[in-house]
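*Asks:* Sequence order for the protein chains is B and D. The first sequence maps to residues 1 to 800 in this note's numbering. The second sequence maps to residues 1 to 215 in this note's numbering.
Hints are computed from structural coordinates only; laboratory data are not their basis. Just so you know, these numbers come straight off a predicted model, no measurement behind them. All C-beta atoms in this analysis are idealised placements derived from N, C-alpha and C, irrespective of residue type, glycine included. Some hints here could point you the wrong way.
Stated by the list, open to error - Cut-off 25 Å, straight-line C-alpha distance, at most; resulting in silico cross-link-like pairs (SDA-like, lysine to any residue): (1) K153(B) <-> Q705(B); (2) K329(B) <-> G489(B); (3) K75(D) <-> E142(B); (4) K165(D) <-> S176(D); (5) K726(B) <-> G86(D); (6) K75(D) <-> R145(B); (7) K165(D) <-> V25(D); (8) K788(B) <-> R154(D); (9) K166(D) <-> T107(D); (10) K75(D) <-> D144(B); (11) K788(B) <-> M1(D); (12) K165(D) <-> P59(D); (13) K575(B) <-> P608(B); (14) K575(B) <-> E593(B); (15) K726(B) <-> R154(D); (16) K111(B) <-> G146(D); (17) K684(B) <-> G32(B); (18) K579(B) <-> Q552(B); (19) K111(B) <-> N115(D); (20) K788(B) <-> N157(D); (21) K153(B) <-> M1(D); (22) K575(B) <-> V631(B); (23) K165(D) <-> T107(D); (24) K102(B) <-> G486(B); (25) K166(D) <-> V81(D); (26) K726(B) <-> S87(D); (27) K726(B) <-> G32(B); (28) K8(D) <-> I98(D).
Unchecked claim - A short, non-exhaustive set of chain D residues, derived as facing chain B with CB atoms under 8 Å: (29) S117; (30) R147; (31) M151.
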Amino acid sequence: MSMDTIEADEVDVSDVLGSAIERREDPALITGEGTYTDDIQDPEMAHMAVLRSQYGHAEIESIDTSEAEAMDGVIAVYTAEDIEETGTPGDLPVGWLLPNLKTPSHPILAKDRVRYQGDGVAVVVAEERYVAQDALDRIDVEYDRLDAVVDPKAAVDESAPQVHEWEDSDVQSNQAFDWEIGDGDATDEAFENAAHTVSVDLENQRLIPNAMEPRATVAEYKPGTEELEVFMTSQNPHLHRQLMSAVLGVPEHKIRVVAPEVGGGFGSKIHHYPDEALTSWCSMQLKRPVKWQATRSETYLTDAHGRDHITHGELAMDEDGTITGMRVKTYAGMGAYLSTFAPAVPTYLYGTLLSGQYDIPAIHCNVIGAFTNGAPVDAYRGAGRPEAIYVVERLVTLGAREMGMDPAEFRRQNFVPSDGFPHETPVAVVYDSGDYEPALDKALEMVDYEALRERQAELREDGRYLGIGFSSYIEACGLAPSELAGQLGAQAGLWESGLVRVHPTGKVTAFSGTSGHGQGHETTYAQIVSDELGIPYDDIEIVEGDTDEIPQGMGTYGSRSAAVGGSALVTSSQKVVEKARKIAAHLLETGEEDIEFENGEFSVTGAPERSMTIQEVAQQAYLAHNMPEGVEPGLEETSFYDPDNFTFPFGTHVAVVEVDPESGEIEFEQYAAVDDVGNQINPKIVEGQVHGGIAQGIGQALYEQAVYDDNGTLVSGSMQDYAVPKAEHIPHMDTDDTVTPSPHNPLGVKGVGEAGTIAAPQAVVNAVTDALSPFGVDHIDMPITEEKVWRAVNESEEGS
Amino acid sequence: MEFNGTFKLEDTSAEEVWLALSDPVLIRDSLPGCEFLIEVDDEDVAFDELREESTEAEPTGDPEVIAERAFQEGKRYAALVEIGVGSVNPSFETTVTIDEREFPDMTASGEGSANGSSFEMESGMHLNETDDGVSVEWWANAEVFGRVAQMGQRVMNPVANRVVKKFFERIQERLSELTLDDQGGDGEQGTERAGADEADDTSGLSQRIRDRIGL
Numbered sequence: 001m002s003m004d005t006i007e008a009d010e011v012d013v014s015d016v017l018g019s020a021i022e023r024r025e026d027p028a029l030i031t032g033e034g035t036y037t038d039d040i041q042d043p044e045m046a047h048m049a050v051l052r053s054q055y056g057h058a059e060i061e062s063i064d065t066s067e068a069e070a071m072d073g074v075i076a077v078y079t080a081e082d083i084e085e086t087g088t089p090g091d092l093p094v095g096w097l098l099p100n101l102k103t104p105s106h107p108i109l110a111k112d113r114v115r116y117q118g119d120g121v122a123v124v125v126a127e128e129r130y131v132a133q134d135a136l137d138r139i140d141v142e143y144d145r146l147d148a149v150v151d152p153k154a155a156v157d158e159s160a161p162q163v164h165e166w167e168d169s170d171v172q173s174n175q176a177f178d179w180e181i182g183d184g185d186a187t188d189e190a191f192e193n194a195a196h197t198v199s200v201d202l203e204n205q206r207l208i209p210n211a212m213e214p215r216a217t218v219a220e221y222k223p224g225t226e227e228l229e230v231f232m233t234s235q236n237p238h239l240h241r242q243l244m245s246a247v248l249g250v251p252e253h254k255i256r257v258v259a260p261e262v263g264g265g266f267g268s269k270i271h272h273y274p275d276e277a278l279t280s281w282c283s284m285q286l287k288r289p290v291k292w293q294a295t296r297s298e299t300y301l302t303d304a305h306g307r308d309h310i311t312h313g314e315l316a317m318d319e320d321g322t323i324t325g326m327r328v329k330t331y332a333g334m335g336a337y338l339s340t341f342a343p344a345v346p347t348y349l350y351g352t353l354l355s356g357q358y359d360i361p362a363i364h365c366n367v368i369g370a371f372t373n374g375a376p377v378d379a380y381r382g383a384g385r386p387e388a389i390y391v392v393e394r395l396v397t398l399g400a401r402e403m404g405m406d407p408a409e410f411r412r413q414n415f416v417p418s419d420g421f422p423h424e425t426p427v428a429v430v431y432d433s434g435d436y437e438p439a440l441d442k443a444l445e446m447v448d449y450e451a452l453r454e455r456q457a458e459l460r461e462d463g464r465y466l467g468i469g470f471s472s473y474i475e476a477c478g479l480a481p482s483e484l485a486g487q488l489g490a491q492a493g494l495w496e497s498g499l500v501r502v503h504p505t506g507k508v509t510a511f512s513g514t515s516g517h518g519q520g521h522e523t524t525y526a527q528i529v530s531d532e533l534g535i536p537y538d539d540i541e542i543v544e545g546d547t548d549e550i551p552q553g554m555g556t557y558g559s560r561s562a563a564v565g566g567s568a569l570v571t572s573s574q575k576v577v578e579k580a581r582k583i584a585a586h587l588l589e590t591g592e593e594d595i596e597f598e599n600g601e602f603s604v605t606g607a608p609e610r611s612m613t614i615q616e617v618a619q620q621a622y623l624a625h626n627m628p629e630g631v632e633p634g635l636e637e638t639s640f641y642d643p644d645n646f647t648f649p650f651g652t653h654v655a656v657v658e659v660d661p662e663s664g665e666i667e668f669e670q671y672a673a674v675d676d677v678g679n680q681i682n683p684k685i686v687e688g689q690v691h692g693g694i695a696q697g698i699g700q701a702l703y704e705q706a707v708y709d710d711n712g713t714l715v716s717g718s719m720q721d722y723a724v725p726k727a728e729h730i731p732h733m734d735t736d737d738t739v740t741p742s743p744h745n746p747l748g749v750k751g752v753g754e755a756g757t758i759a760a761p762q763a764v765v766n767a768v769t770d771a772l773s774p775f776g777v778d779h780i781d782m783p784i785t786e787e788k789v790w791r792a793v794n795e796s797e798e799g800s
Numbered sequence: 001m002e003f004n005g006t007f008k009l010e011d012t013s014a015e016e017v018w019l020a021l022s023d024p025v026l027i028r029d030s031l032p033g034c035e036f037l038i039e040v041d042d043e044d045v046a047f048d049e050l051r052e053e054s055t056e057a058e059p060t061g062d063p064e065v066i067a068e069r070a071f072q073e074g075k076r077y078a079a080l081v082e083i084g085v086g087s088v089n090p091s092f093e094t095t096v097t098i099d100e101r102e103f104p105d106m107t108a109s110g111e112g113s114a115n116g117s118s119f120e121m122e123s124g125m126h127l128n129e130t131d132d133g134v135s136v137e138w139w140a141n142a143e144v145f146g147r148v149a150q151m152g153q154r155v156m157n158p159v160a161n162r163v164v165k166k167f168f169e170r171i172q173e174r175l176s177e178l179t180l181d182d183q184g185g186d187g188e189q190g191t192e193r194a195g196a197d198e199a200d201d202t203s204g205l206s207q208r209i210r211d212r213i214g215l
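Isolated chain B (complex conformation) (with noise of 0.2 Å):
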């Protein structure tokens, strides 16, 4: 059942957190009327095309650009040797180290050899941007092509090809890092003393993010100010400022980086690419604007990829079916290079959530990173917390179905107690709150369980099978302390600015270095303001992702604009109101203390008919008249917003299929998700990314999967060949929620960007692995086809 929206101006200003406002942002963007990066036109413009390597792994023998140069309306080629010649850094950073983790130079264009398909290899500017691609034609490379290595476990081999040479080290390995967490010992015990225990190998396939605006960059060079303008399809216009400094060495306050409307990104969006480098260097060079703007092909080759992972898993447990610990061991693929975030994603963000809702006492993790030839891999909707639930969720599955017990009464016997709050795992982190089990009985109740477990037995005696999946995760939001992430290896702090700037008439403009793409920020952010300052929420213009008016911002990924972006606002709003208050209270010829403050009015205490609306005291602090001691004009509030921990949403999903074991094809007969991402700003957002999260999670489950053949070459690099799904694809959902707010931020919320596709690929594993469990399968890789269904029946041994 769908939720209705609430027009704005029906909503009283103390009712509007937690109203579901019809998102504002939609209007423009559903018209044509928002401006994408390609939108933006200057009659000077050039246009930017890269060439970019055939190959997965090859050395570059020679570069001839001389037939490229000679095509009319071509301005300049350029290769690695000419950024080279002009001093120019031109190579990426990687923003989260590890200890011993190797990271090899990655330059913006490729030197003397490609490693992964998609490397750039040279650029073509030009006065049009399909002169610019047909001169790609014309560039003559002559590779010697090597071989290569795709799969994460096979690249550590010893005999594996080698994706890069490290002159500073004996050992020649495509390992990128050896990581583990938790206590090896303490689980190796659990597991020796363990009663019963179950295991698990699979595969958490390279998935392809397909945001629907291919990432684009549109950059001016001004050389009389030797200022750097760039506008491009970014999640933190502030992190790529920083980091686009020092690729480039152009100072930070000379460079501007704007994100305009941005359609989607996933993740992909995040990480600092050589493309938008290289818009700017040749800006730079031509001392015009020039614009490059991704093809799908391009993307489906260069954007960051997700997952990735090659498993071991194992549960230990006593002889009532009580977990007494895990082991995970993992091979992580991280493409050709380390992308921007790429080695928090399989370890910090993985390892750490390994416990799920479950009280274990010894868990142990150890990932193995492997560079491979294939695109870098880095953070992609939920990012390291769906790899880890996928683990734990199937392990927990089958540790049910060894001890002979119900899925559901198996997870419940094993959550973290209701009153087990604050919790602190074996991995590391200490869970703000939580409450389990309502969620699960939500669920159960959604899909009527017990009659559906009894039809599951009714169909079964008709040669119908039915499979019912339960996925209870956990997720982390609201990245991160900034002292914690600093211990952990991010080379940036995880805080937010706000700066709330309340008008002379007493409107109001907000800034948030957080940057939505999507998500709707410019609504919820409204709410939390209108509520703070009691100004109407039609009065409140937010404003994101422009470095030239933001104080600073670190971003939206991780789920962390609410709950971090949305704190900021909140203790930036709470300080204009102090300051208010104070003007209040001198105008009002009384204290500080007995000023009351509601719905945007300051009032005295016993005294409610003198008192000043807030759009009065704003025109008081501006026109300056009449201020208390010490008080400066004006009325403008900023602040850095630095978390005391992470959130940690959760919920438990049902999903509910058929399976026909002789075609292999899979019907969903039901989906409920009941999601517990604390306080809700506007419940008809969260419901839009809960459904596009599940939409995403099934995606993985069932279709999608990025493949390298095994000379690196991407053979599912299109829309043909990679199965995104369609909305015939995705079954109906029913969706409710719980509520157990945040203890520790301002607002109570959590996050829900990622939730719906961390909780839906293993929901509906188990689901069909449960629908055939008669004929002893017990795990299906993902994305299950028709044809694995197929051969898993036909192949285990009670199937025939």
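Keeping the supplied structure of chain B fixed, place chain D upon it in accordance with the hints.
*Replies:* Leaving out everything else, chain D in the frame of chain B:
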């Protein structure tokens, strides 16, 4: 990617098919999209220059002429072949080396590149005489790179099948013409002497082919 198949050619002999498949000119004319196919010595092949000098050789049914220009083991050949794959029509600059050539088996390896795409290939064929003609067992093992490869085997397989089918259909056509030529000529001057003498029968031609190209 692996491709293989068997193609049946009717009313012909293994020798005739061998002759036909030994003739670069006939292959050039039969292979869809093939602009030229000529022997080369240089390590680096200048395709643009070859294109200009490539139109000289004429098709013939004369075993003598074919023998002169037939493929030879160990020699390299250059070809320019346009293949339509999906929405792109890359022109592949291709070099082929005849690795092995002993009746009735031939293997060759080659590589080709076009804008943003390339391939490496090993291929071979084996001729079998059948009741009503010859069956050609062929196989190819190709590594495909770049733009074309990205389309995956789903797109590549139909393309390969189409090219191979068309190729053998044309070979079949040429074989009929070849037989006709021979019936009309004495073999000394090829097509110019057509109709002058009484024809050898097919087995006579086979013998002549065997003699001439050293089978």
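*Asks:* Work down the list of hints and note, for each, if the structure agrees.
*Replies:* Here is what the structure says about each hint:
1. K153(B) <-> Q705(B): Satisfied, since the Cα-Cα distance of roughly 17 Å is no more than 25 Å.
2. K329(B) <-> G489(B): Distance of about 21 Å is within 25 Å: holds.
3. K75(D) <-> E142(B): Judged against 25 Å, a Cα distance of about 23 Å means the pair holds.
4. K165(D) <-> S176(D): Given pair K165(D), S176(D) holds - Cα atoms ~17 Å apart, limit 25 Å.
5. K726(B) <-> G86(D): 23 Å, holds
6. K75(D) <-> R145(B): 23 Å, holds
7. K165(D) <-> V25(D): Roughly 18 Å separates the two Cα atoms, so the pair holds.
8. K788(B) <-> R154(D): Distance of about 18 Å is within 25 Å: holds.
9. K166(D) <-> T107(D): Since the Cα atoms of K166(D) and T107(D) sit roughly 20 Å apart, the hinted pair holds (cutoff 25 Å).
10. K75(D) <-> D144(B): The hint holds at about 22 Å.
11. K788(B) <-> M1(D): Holds - the C-alpha atoms of M1(D) and K788(B) are around 21 Å apart, at most 25 Å.
12. K165(D) <-> P59(D): Measuring from Cα to Cα gives roughly 21 Å; hence the hint holds.
13. K575(B) <-> P608(B): 23 Å, holds
14. K575(B) <-> E593(B): 15 Å, holds
15. K726(B) <-> R154(D): Holds, at roughly 20 Å.
16. K111(B) <-> G146(D): 19 Å, holds
17. K684(B) <-> G32(B): 23 Å, holds
18. K579(B) <-> Q552(B): Answer holds: K579(B) to Q552(B) is near 23 Å, not above 25 Å.
19. K111(B) <-> N115(D): 20 Å, holds
20. K788(B) <-> N157(D): 22 Å, holds
21. K153(B) <-> M1(D): Holds, at roughly 23 Å.
22. K575(B) <-> V631(B): Between K575(B) and V631(B) the Cα gap is close to 13 Å, so the pair holds against 25 Å.
23. K165(D) <-> T107(D): 19 Å, holds
24. K102(B) <-> G486(B): 19 Å, holds
25. K166(D) <-> V81(D): Given pair K166(D), V81(D) holds - Cα atoms ~14 Å apart, limit 25 Å.
26. K726(B) <-> S87(D): 23 Å, holds
27. K726(B) <-> G32(B): 23 Å, holds
28. K8(D) <-> I98(D): Within the cut-off at roughly 23 Å; holds.
29. S117: 6 Å, holds
30. R147: 7 Å, holds
31. M151: OK, holds: M151(D) within 8 Å of chain B, min 7 Å.
Checked against the numbered hints above, the structure breaks none of them.
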